[in-house]
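Novice: What follows is each chain in one-letter form.
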Amino acid sequence: MSASSTTNGKTLKVRYFDIEENPTEHYLNAETGLKSWLFTVDHKRIGLMYLASIALFFFVGGVLALVLRTELFTPAENLMTAETYNRIFTIHGAVMVFLFIIPSIPAALGNFLLPMMLGAKDVAFPRLNLASFWIYSIGALFTLASLAVNPIDTGWTFYTPYSVQTGSAVILMTLGVFIMGFSSILTGMNFIVTIHKMRAPGMTWGRMPLFLWAMYATSIIQVLATPVLAITLALLIMERTLGIGIFDPALGGDPVLYQHFFWFYSHPAVYIMIVPAFGVISELIATFSRKTIFGYWAIAMSSLAIAFIGSLVWGHHMFVSGQSELSTVVFSFLTFFVGIPTGIKIFNWLATMHKGSIDMKTPMLYACIFLFLFTIGGVTGIMLGAISVNVQLHDTYYVVAHFHYVMMGGTVMAFLGGLHYWWPKMTGKMYNEFWGKISAVIIFIGFNLTFLPQFIMGSQGMPRRYYSYIEQFQTMHQLSTIGSYILGVGFVIIAVYLAHSMFRGQKAPSNPWGARTLDWMTSSPPAHHNFNYQPVLNNGAYDFHKPIADFTLGIAEDDHGHEHKGEPVKQQEQNA
Amino acid sequence: MSAHHIIPMKTLISTTVALVVLTIVTVAVFYLPIPAPFDVVVAILLASFKATLVGMFFMGLYYDEKFNTVVLIFSFLFFLVFVGITLLDTMFRDTGISVW
Amino acid sequence: MAEAHSVDNPRLLHHFRNADQQFSSSKLGMWLFLFTEIMFFGGLFVAYIIYRAWNPELFTMAATQLDTMLGAVNTVVLIGSSLTIALAIRAAQTDKQKMIVNYLLLTIFLASVFLVIKYFEYTHKFDMGIFPGAYYTFDGIDHPKANVFFSIYYMMTGLHGLHVIIGIGLMIWLVIRAKIGDYSSQWYTPVEMCGLYWHIVDIIWIFLFPLMYLIE
Amino acid sequence: MEYVTNFFLPSAESTYAANVDALFHFINIVSLILLVGITIAIVYFSIKYRRKSQEDTTPLITHNTTLEVTWTVIPLILILIVFGWGFNDYVEMRTPPADSYEVYVESFSFGWNFEHPNGIVESNNLTVPVATPVRLIMRSRDGDVLHSFFVPQFRLKQDLMPNRYTYAWFEAIRPGEFVYFCTEYCGGGHSMMNGIVHVMDQDEFDAWTEDELGRDLDALPLAELGQLLYTREGCQGCHSTDGSSRVGPTFAGLYMAEREFTDGSTRIADEDYLIESIVNPRDLVNVGYPNNMPTFYGETLSERELMGLVEFIKELQ
Ligand code: HEA
Ligand code: HEA
Ligand code: CUA
Ligand SMILES: [Cu+2]
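Protein chains in written order, with the working numbering: chain A, 1 to 576; chain B, 1001 to 1100; chain C, 2001 to 2216; chain D, 3001 to 3317.
Treat the hints with care, as some may be off.
Unchecked claim - Here are the computed lysine-lysine pairs in the BS3-like style, where the Cα-Cα straight-line distance is at most 30 Å:
#	chain 1	residue 1	chain 2	residue 2
1	C	Lys2096	B	Lys1066
2	D	Lys3314	A	Lys507
3	D	Lys3052	A	Lys429
4	A	Lys437	D	Lys3052
5	D	Lys3314	A	Lys355
6	A	Lys429	A	Lys507
7	D	Lys3048	A	Lys437
8	A	Lys507	A	Lys35
9	A	Lys437	A	Lys507
10	B	Lys1010	C	Lys2098
11	A	Lys355	A	Lys437
12	A	Lys429	A	Lys35
13	A	Lys546	A	Lys507
14	C	Lys2118	C	Lys2145
15	C	Lys2125	C	Lys2096
16	D	Lys3048	A	Lys355
17	C	Lys2096	B	Lys1010
18	A	Lys546	A	Lys429
19	B	Lys1066	B	Lys1010
20	A	Lys546	A	Lys355
21	B	Lys1010	C	Lys2179
22	A	Lys546	D	Lys3314
23	D	Lys3048	A	Lys546
24	C	Lys2096	C	Lys2179
25	C	Lys2125	C	Lys2179
The hints are simulated quantities; they were obtained by calculation from the structure and are not laboratory data.
Make the full structure from the sequences, and use the hints.
Specialist: Have a look at this one:
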C-alpha cells in the first residue's frame, strides 16, 4: 500500500481504519453535569451548544414568520395592528439573521467539524471559543430584553432617521447585535488561526476538505466586515443618546451614509451565510456521489473570490436610495461578477455527480434541493442587480422572495443536509431515513408554495413591510400563507424524528457514508480529544477512486506525551 | 526561531528618535504654506511612514512571519476600498448621469 | 479542558504540538484582532474623510479650536510609551524580571499622562460649550455643521481614549503577573500581545494627530 | 406569451416601461433555461448513476479545462449583456427631457403633497397630463423620515430624504388611474401611504387645472377645509374616520368622549382639548398608543386651519 508520508523515509506507525467503532467513552459522556457543558472548552460541545441555541432561535423566528403570514392572509387587519406587525417582521428578520443564520453553519457545524477535519485536537484558542459562545448568549439576552421592554420596529436594517426617532428599544437591540458581532469575530479569528497553524502533518492546503476552504473564506469576511457593523451600531447608539448628527439629517447628518455603513457589513454578511453552505454541499455531493470532487481548486478559490468580490458590491441595496448615479452603475457592474464564481461551483458540483455512484440519502436529497432552490435565488439576485429592473423590484416582495430563496432555500437547506449528514457523528445515532425524505419533500413543496407567489406579486408591485395591501394581491398572499403552514409541518416532523433518534435511534457506525475526510476517521461520537493520537494524512479528502479498505491514518512521532487511552489502537508498522 | 527575535536595543532607540523627529517635522510642515490638497497628502505620507516604522520595528513585523505583514497590508487595502467606493457616491451626487 | 501539559513545558496547552506552534498561533490571532481594530476605527475614518470632503472649510475652521501643542506633546508621549513597552518585552526575552515590571509601570505612567492631557483638552472644550452633536452650544465657528465635526472629533478621540484606558487595565494585570514571576524568556506571550495592542493604539493616534489638529 | 408576461409585471404605462420589461423577460428566460438545464442534469445523473452496490468505485476525474472555461466565459458574456442593457435603460430613466412638467413632491408621515408649477397643491393624489414628461422634484418634510415614491405601472421608484432633493421622471402613455405606494419603510402608516396618479388627456387636465385654481381655500367652509387638511397633512395615515384603530386613535366619535392618559388622568375631548392635542401632542398621551404624533402642526397650520380640523372631527359623531 502506498501511504505517502511527510516524515521523509522514516518508518511511520499506521492506524487502520475501523468502520464499526462505537466507543463507550466519548466526548458526550467524558464529563457530565450542566457545568461540564457550560464551561467546556471542547469545540465539539461548544458546537452542540450553538446548535441548540440556533435551533431555538430558528423556531422563534419561524413561528413569528407564521404569525406574519397569518396576518397577511387577508388584506384587512386580522390579528394585529400595523405597529405590532412592524415589530414582528423586524424581530423575525433580526432573529433569523443575527441569531440564527450567521452563527448557524460556522458556529454550530463549523465548530464541531473544523478541528476534526484538520486532524487537530481543538481550535487554536479553546477558551476564546467558549467566550464567543458566551458573548453570543449575552447578545441574545440583550435582544430578548429589548423584546420585553419595547420591541423594535425599524426593520432589521435599522435605517436612520426612523431608527433615531422611533420610541422602541433600538438601543437594547443594537447593543445586542453589537455584542453578537464580537462573538462572530472571535469565531472567525479562531478558525483562520486554526486552519493556518494546526493542520495535521500531511494536510497540505491542497488536501483540505472544501468545507474548510469555505470556512476559511467565511472567516475572512467575518473578521473583515463585522467591525464595521460594530462601529455602525455604536454610532447609531450615539446618534440616539448624544445626537451626534453623523447619520441623522435633522442634525446635519446623511442617512445614505448610514446605508453605506450598514450594507458594507450586511452585504458581505450574506456571504457569511451562504459560503459555509457551499462548503457543506461540496462535502455532501462528493460523498454521496462517491466521486472525487470535480475542480477542487476551482471550488476552493471561488469561495475566496466570492468573499472578495462580495465585499465590493454593497451599494446594490441602494440603487434608488439617492446615492450618486455613478456609484449605482459601478455597484451594478460589480454585483454581477459574484455570479461567475458561484456558477463555477454549481457546475463543478454537477460535474462531480457525472459518472458518480449516487446514493440519494436524505443529505443528498437536501443537496439537490439546495442546487435547485439556490439557483433560483441566485439568478433572481442577478435580476435585482440589473439597475433598470431593480428600480421596479426594489423593496417589493420580489426581494423578499429572492432572499428567502437564498437564505432559506440555500443556507437552511444546506444546513439541514449537513445536520443529517453529521448527525451520526455528533450523536452516535442514525436518524430515520424514511421520515427524513418525507419531510424533505414536504419542505420542498411548502417552500416553493410560500415563496414562488412572492416573486409574482413582487414584480406586480406589492411592496414589502406592508401589514395590509390592496385586494389585487390577495390570491398570491393566500397561496403563500398556505405554503408557510406546510413548511411548518415539515419542520415539526424533522424535530420529532431527530429527537426520537437521539434517544431511541440506531447506533451509528463511525463512517456510515464511506466518506474520506478526517472527521469520519474517528469514532462516532468522537473521543474527547477527537483522535487519541496525532494523525498523519496518507490520503486526500476526496480519494473516492480508492476503496475505503485502503484507507489508513499515520500516527505522528512527535505525538509527545499524549496517552493513547480509550479503545486500543490497531497498529501496524509500515515503511513509508 | 524568528518569532522570538530579540529586537536590538539600538534599533528600538533609533526608531524612537526617528519617530520623535518625524513628529516635529509633521508639525513644522504644518506651518509651511503648502497648497490645499497637498498639505493633507504630505501629512498622511508622514503619518504612514511613522506607522510603518512602528509596525516594522516596535511590532517586529520586520523579523516576523511575512503572513502577519500580509494581514496588516490587507486590512489597509480593505479600508481603502471602503473609503474609495463610498466616495464614488458622496462626491458625485450632483453630477447627473448625462454628464458622463 | 485546556489543561497544561507537564511533560516538557508547563505553558504548552494540550492541543498544540509544540511551543512554537502555540506562540505563532497566538501572534497570528492577535494580528487578526488588530485587523478588526483597524476596520473598527476605519469606519470613523471613513466618516471623517467624507465629511471633510464635503466641508473642507469647516474642518479648517474647527481645527483652530484644537491645541496643536497639546496634540504634539501627546504624540511624543505615546511614542515614548511604545518604546517602554517594547523594552518590557525585551526585558522578558532576556529574563530581567524586575525590568519587566519597571518598564510596564513606566508605560502605564505615560499612558496616564496622555489621558490627563486629554482630560484638560476635553474640559476646556466643554467649558466653551463644545459638546458632541445635539448638545453643541459653542458659537465661535460660523458653520452649520460645526457640531458634526466635533461629533467626529469626540467619537474618534473618545474611542481612542477608551482603548488607552483598556490598555492601562491590561498592563496593570501584566504588572501583577510579572511580579509573581510569571513571565520569562520561556514564556511571555501576554506581554508580547499587549505590546502589539499598545502599538496599534499608538499608530491610530499617529494618524489622528495630523488629521484633527493640523488642518490649515 | 402575452398572458405569461402580464402575469409577472403590471401593464407598462410609461415610455421607458417597455424597455425595462424586455430586460426582465430576457433575464427570466435565460434563467429558466439555466434552471431547467441544471434540474435535468440533477435528475438525469441521479437516475443514471445511482449507486448499484456498496463496492462501486468511480473514475478519477479532477478537472476539464475546456468545460471550465466554457462555464466561466458564457456566464461572463451574459452578465455583460445584462449590465449593458440595464445601464442603457437606467440612463434613460435618469435623464428627464429638458421641457418637462415639474411637480414638487413632499412626503411626510404619512402622506404626500404634490405642488404643481401653477401653485395647485394636491394631497395623496397626483394629476398629470398624458404624453408629457413629468419631472418629480422630491423631498421629505424637515424632521421627517425616509419615504419612497413607487408607481408600479410606470416602473418608477425613488427614495425621498428630509435633507436634500431627489429626482425622477416619467411620461405616461395612456390616460388612466395608477396606484402608487410608499416603498421605504417609514413606520406605522407605511402601508397606508398609497394613492392614485390620475393621468388625463390634455383637455381634461386643463379643465381640472382651471377648477382647482378657481377654488378658494379661505372661502371653504371650515369642515370642508378640515376634510382637505385631514388628507393633505397626513392625519389619515394615523387616524381613521371609521372607528378602526391605526397608529393613533380614530376620530370617529372622538368629540366629547372621555379620554384616558398614561399619567392616569382623564379628560373630555372638547374643542380645547382637540386643538391642544394637535399643537402639543406629546403632553398628554392616550393609553394604548405610542407617543409619536408629529409635533410640527402647531407651527405649520394656521389658526383657521386648526379650527377646520376640529370642526371636521366634530362632524364625525
Ligand atoms: C444568503 C444570502 C444571500 C445571497 C447568497 C445573495 C446572493 C445575491 N444577491 Fe441578494 N439579498 C439577500 C441575501 C442574499 N443574496 C438579502 C437578505 C437581501 C435583502 C436585504 C434587505 O433589504 O432586507 C438581498 C437583496 C439583494 C439585492 C437588493 C435588492 C433590493 O433591495 O433592491 C440585490 C441587488 O443586486 C441582490 C443581488 C444578489 C446577487 C447578484 C447575488 C449573487 O451572489 C447570486 C449568485 C448566484 C447565481 C447567479 C446563481 C448560480 C449561477 C449560475 C447558475 C451560473 C450562471 C449565472 C449567470 C449567467 C449570471 N440581493
Ligand atoms: C435566515 C433567514 C430567514 C428565514 C429562514 C426566514 C424564514 C421565513 N420567512 Fe422571513 N425574513 C427574513 C429572514 C428569514 N426568513 C428577513 C431578513 C426578513 C426581512 C425583515 C425586514 O423587512 O426587516 C424577512 C421577512 C419576511 C417576510 C416579509 C415581511 C414583510 O416585508 O412584510 C415574510 C412574509 O411572508 C417572511 C416569511 C417567512 C417564512 C414563511 C419563513 C419560513 O421559511 C419559516 C419556516 C420555519 C418554521 C415554520 C419554523 C417552525 C419550526 C418548527 C415548528 C420546528 C420546531 C423546531 C425545533 C423544536 C428545533 N419573512
Ligand atoms: Cu412612507 Cu413608507
Ligand atoms: Cu447584497
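Novice: Going straight from one Cα to the other, do Lys3052/D and Lys429/A come out at no more than 30 Å?
Specialist: holds, 25 Å
Novice: When you check the alpha-carbon spacing of Lys546/A and Lys355/A, does it fall within 30 Å?
Specialist: Answer holds: Lys546/A to Lys355/A is near 15 Å, not above 30 Å.
Novice: Is the straight-line distance between the alpha-carbon of Lys3314/D and that of Lys355/A 30 Å or less?
Specialist: The given pair, whose Cα atoms are some 80 Å apart, is violated under the 30 Å limit.
Novice: Please work out if Lys3314/D and Lys507/A have their alpha carbons no farther apart than 30 Å.
Specialist: violated, 76 Å
Novice: Need the status of pair Lys437/A, Lys3052/D: alpha-carbon distance at most 30 Å?
Specialist: Answer holds: Lys437/A to Lys3052/D is near 20 Å, not above 30 Å.
Novice: For the pair supplied as a hint, Lys507/A and Lys35/A, is the alpha-carbon distance within the 30 Å limit?
Specialist: holds, 27 Å
Novice: Between Lys437/A and Lys507/A, does the CA-CA distance stay at or below 30 Å?
Specialist: holds, 20 Å
Novice: With the threshold set at 30 Å, check whether the alpha-carbon distance from Lys546/A to Lys507/A stays at or below it.
Specialist: holds, 27 Å
Novice: Check whether the Cα positions of Lys2096/C and Lys1010/B lie no farther apart than 30 Å.
Specialist: holds, 18 Å
Novice: Next pair to validate is Lys1010/B with Lys2179/C; report whether the Cα-Cα distance is within 30 Å.
Specialist: holds, 27 Å
Novice: Do the alpha carbons of Lys355/A and Lys437/A lie within 30 Å of each other, as the hint requires?
Specialist: holds, 24 Å
Novice: Are Lys429/A and Lys35/A close enough, with their CA atoms no more than 30 Å apart?
Specialist: holds, 24 Å
Violated hints, in rising order: 2, 5, 15, 22, 25; the structure is consistent with all others.
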